[in-house]
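**Student:** Mapping to UniProt numbering: the sequence shown position 181 is 181, numbers consecutive.
Note that these hints are calculated values from the structure, not bench results.
We put the beta carbon where it would ideally sit given N, CA and C, even for glycine.
Do not take every clue at face value.
[Stated by the list, open to error] Result set (DSS-like, lysine-lysine): computed pairs, CA atoms no more than 27 Å apart in a straight line:
(1) 155 <-> 104
(2) 158 <-> 36
(3) 30 <-> 63
(4) 30 <-> 119
(5) 119 <-> 36
(6) 155 <-> 53
(7) 77 <-> 48
(8) 119 <-> 63
(9) 104 <-> 138
(10) 30 <-> 138
(11) 104 <-> 77
(12) 53 <-> 131
(13) 53 <-> 36
(14) 63 <-> 77
(15) 77 <-> 119
[Stated by the list, open to error] Here are the computed distance ranges between Cβ atoms for each label pair:
(16) 5 <-> 116: 25 to 33 Å
(17) 131 <-> 92: 27 to 35 Å
(18) 94 <-> 131: 13 to 21 Å
(19) 134 <-> 53: 31 to 39 Å
(20) 114 <-> 137: 37 to 45 Å
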Amino acid sequence: MEGSLHRVSFGNQRARRDLSFYLSTFGQLKLSIDTKDRVLLLHIIEGKGLISKEPGVCDPYVKVSLIPENNRMRFQKTQTIPDCRNPAFHEHFFFPVPEEDDHKRLLVTVWNRASKTRKCALIGCMSFGVKSLLAPDKEVSGWYYLLGEDLGRTKHLKVARRRLRPLRDPLLRMPGCGDPDNGEEFKELKSFVQL
1 MEGSLHRVSF
11 GNQRARRDLS
21 FYLSTFGQLK
31 LSIDTKDRVL
41 LLHIIEGKGL
51 ISKEPGVCDP
61 YVKVSLIPEN
71 NRMRFQKTQT
81 IPDCRNPAFH
91 EHFFFPVPEE
101 DDHKRLLVTV
111 WNRASKTRKC
121 ALIGCMSFGV
131 KSLLAPDKEV
141 SGWYYLLGED
151 LGRTKHLKVA
161 RRRLRPLRDP
171 LLRMPGCGDP
181 DNGEEFKELK
191 SFVQL
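Put together the whole structure using the sequences plus the hints.
**Tutor:** So this is what it looks like as structure tokens:
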């Protein structure tokens with residue numbers, strides 16, 4: 001399964017380059033999580049750009065559970081959306097959390113159910129610490145990347161909301177030409193390309 005490659009930085013855009021890395025992701029999921037009286041209220045809203053192992057068709061559904069869990073039957077899932085890489089789910093789930101489950105994680109996985117074989121393959125996942133979700137000031141809402149299984153079982157990564165300023169020079173909009181520190185390359189490029 002080939003994922004999308006994203007550059008992830010710690011801090012703001014002016015952070016040093018050695019504080020960033022590249023990460024494979026497998027689409028995005030929009031969700032929100034609220035709490036009330038030790039109950040997690042999860043709203044699975046929609047997916048975007050889902051990348052499945054199966055070529056062509058993607059029949060996604062979302063499965064949610066608390067991990068680690070000895071009882072494999074304790075999960076909830078959305079309806080399967082046939083042939084859609086940008087599915088709209090709009091489903092709500094409720095997870096009562098007793099105090100002994102504070103150490104667990106809420107695991108959100110997105111699966112593809114192959115229509116011909118009926119086999120299910122993981123597209124990607126993310127997880128949230130239950131204790132953190134129960135904190136009164138915690139806000140979880142928006143788009144999150146679908147990560148590979150190993151990383152997604154222990155982490156989540158929110159999609160950054162930043163507005164990019166439009167570039168004034170059309171030449172600078174070309175891929176690979178966005179580094180303003182490289183003025184020499186721009187001069188050569190401008191002389192090569194006639195506007």
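**Student:** Of the numbered hints stated previously, which ones are contradicted by the structure, given in increasing order?
**Tutor:** 5, 12, 13 and 17
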